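Protein chains: 2
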Amino acid sequence: MIQCSYICVFGEEDTVGNNEKKVPEVVIKRLPRYYRYLSDLSAQDVHRISSGQLSELMSVTASQIRQDFNYFGGFGQQGYGYNVDYLRDEIANILGLSDGNTMIIVGAGNLGSALANHASFEKRGFKLVGIFDSDESKVGREIRGIRIMHQAQLAEFVREHRVDIAILTIPSTAVHDTAQLLVKNGVKGLLNFSRAELDLPKDVAVEHVHLSDSLMTLGYKIKEYQK
Amino acid sequence: MIQCSYICVFGEEDTVGNNEKKVPEVVIKRLPRYYRYLSDLSAQDVHRISSGQLSELMSVTASQIRQDFNYFGGFGQQGYGYNVDYLRDEIANILGLSDGNTMIIVGAGNLGSALANHASFEKRGFKLVGIFDSDESKVGREIRGIRIMHQAQLAEFVREHRVDIAILTIPSTAVHDTAQLLVKNGVKGLLNFSRAELDLPKDVAVEHVHLSDSLMTLGYKIKEYQK
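Sequences listed follow chains R and C, in order. Residues are numbered in the working numbering as their position in the first sequence, beginning at 1, plus a constant of 186. Residues are numbered in the working numbering as their position in the second sequence, beginning at 1, plus a constant of 186.
Among these hints, one or two may not hold up.
Intra- or inter-copy, both count: the list cannot distinguish identical chains.
In silico DSBU-like cross-links for lysine-lysine, where the CA-CA straight-line distance does not exceed 35 Å [said to hold, decoys possible]:
no., residue 1, residue 2
1, Lys413, Lys313
2, Lys413, Lys388
3, Lys309, Lys413
4, Lys313, Lys324
5, Lys413, Lys324
6, Lys388, Lys309
7, Lys309, Lys324
8, Lys208, Lys324
9, Lys413, Lys370
Rather than coming from a laboratory, the hints here were simulated on the basis of the structure. Every value quoted in this text rests on a predicted model; they were computed, and no experiment measured them.
Working from the sequences, and respecting the hints, build out all of it.
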């Protein structure tokens, strides 16, 4: 399993997945961004774009875009430009968005509630099927029509429903045991917002989101730009 | 200005900052992660570490670590290993953590409230000095002792207080005007959680956090790992 905070960027030699053709982590992390830009273009009725135009739009070099796409077969001639809708759909398939993923949120505090209300997740094919909290006073409340359940029901719920992803918005101290329980009961991927590192089987996907890292990056840029 | 979502990873040719020695965006994005690991090591009374050990701990190759550190002068001999506290402090300086940054949160919904409660920000030298919302019913409430002010007071507050960073947790539709107002009144950096792209002066630092991108990356990994 590759554990990865959102600023964790491996070198080209580091890859993810156990398929023949290893795709570098940096490329994987660019896919959602490509998907977003292509979705926006399509919504604006732009149906063909050159790698040059896409490069300008995304502030990524055209050669980088071509290199990235080559990991997945290239997606059509460059001279001719890319078919926006085709490219968006291909990337959606690569990301597994078309299959759809079910997810639960464990921890219904402010962050968990914010994520439960994050409508764009559904648009991307991530279906929220359950919200859990250990706080009795929250149990029974609803967020976007989904009733908050007690954390004691977590194992049973995950066993009885197909749950692909669990978003962990609980304190670091609770993360280890909760992650073990979720994985033992069939959850395939974890989105961990806590500082806790996780030691899980190789076939469990984990993404870490460290919100303070983007603040630190911002701090660096502010310092540089004032020079 | 370089706009960057947390998955936006530029190629080595892309850089940030206007100093002589250009540091690639990918390297900058690794700095907070180095800082976190080194802080943890120091807290665990580990005061010397080889690039090999650090590499294993962080799942980044040793050569990558050495390359990264060379952008900033190397930080001591490799054979001998790195002095953890020295390295942590050096990276803290590079990130500007030691100078400290003041920040405000604009948008006191669930996400804004979650971020206002994010204690680790203070530990990293980011001091929350104000919270704003356009919803009258929220004005006057306190989060961690900071009173929520009405958004109408935003410009005046920013003019009268030194505000380095504004965290935007408002709807996309409101982001453009709010960002312009903040920058006009002296804010140097924006952390934007909305989908809205920003067109701001070159000397304004912007980081975008697209929460759905880490979900999409996770979706990809789940698909790969099941193969």
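Structure-based check of each hint:
For a Cα distance limit of 35 Å, the shortest separation of lysine 413 from lysine 313 across copies, 22 Å, qualifies, whereas the shortest one inside one copy, 46 Å, does not. When the C-alpha separation of lysine 413 and lysine 388 is checked against a cutoff of 35 Å, the pair qualifies only between copies, where the shortest distance is 12 Å, while the shortest distance within a copy is 45 Å. Taking the shortest Cα distances, lysine 309 and lysine 413 sit within 35 Å of each other only across copies (25 Å), while inside one copy they are farther apart (41 Å). Within a single copy, lysine 313 and lysine 324 get their C-alpha atoms as close as 21 Å, and across copies as close as 30 Å, so both meet the 35 Å cut-off.
Within a single copy, lysine 413 and lysine 324 get their C-alpha atoms no closer than 49 Å, and across copies no closer than 38 Å, so neither meets the 35 Å cut-off. Proximity of lysine 388 and lysine 309 under a CA criterion of 35 Å is satisfied in both settings, with 29 Å inside one chain copy and 33 Å between copies. Proximity of lysine 309 and lysine 324 under a CA criterion of 35 Å is satisfied in both settings, with 27 Å inside one chain copy and 29 Å between copies. In this assembly of identical chains, the alpha carbons of lysine 208 and lysine 324 never lie at most 35 Å apart, being 44 Å within a copy and 50 Å across copies at closest.
With identical chains, the CA atoms of lysine 413 and lysine 370 are at most 35 Å apart between copies only, with a shortest distance of 19 Å across copies and 52 Å within one.
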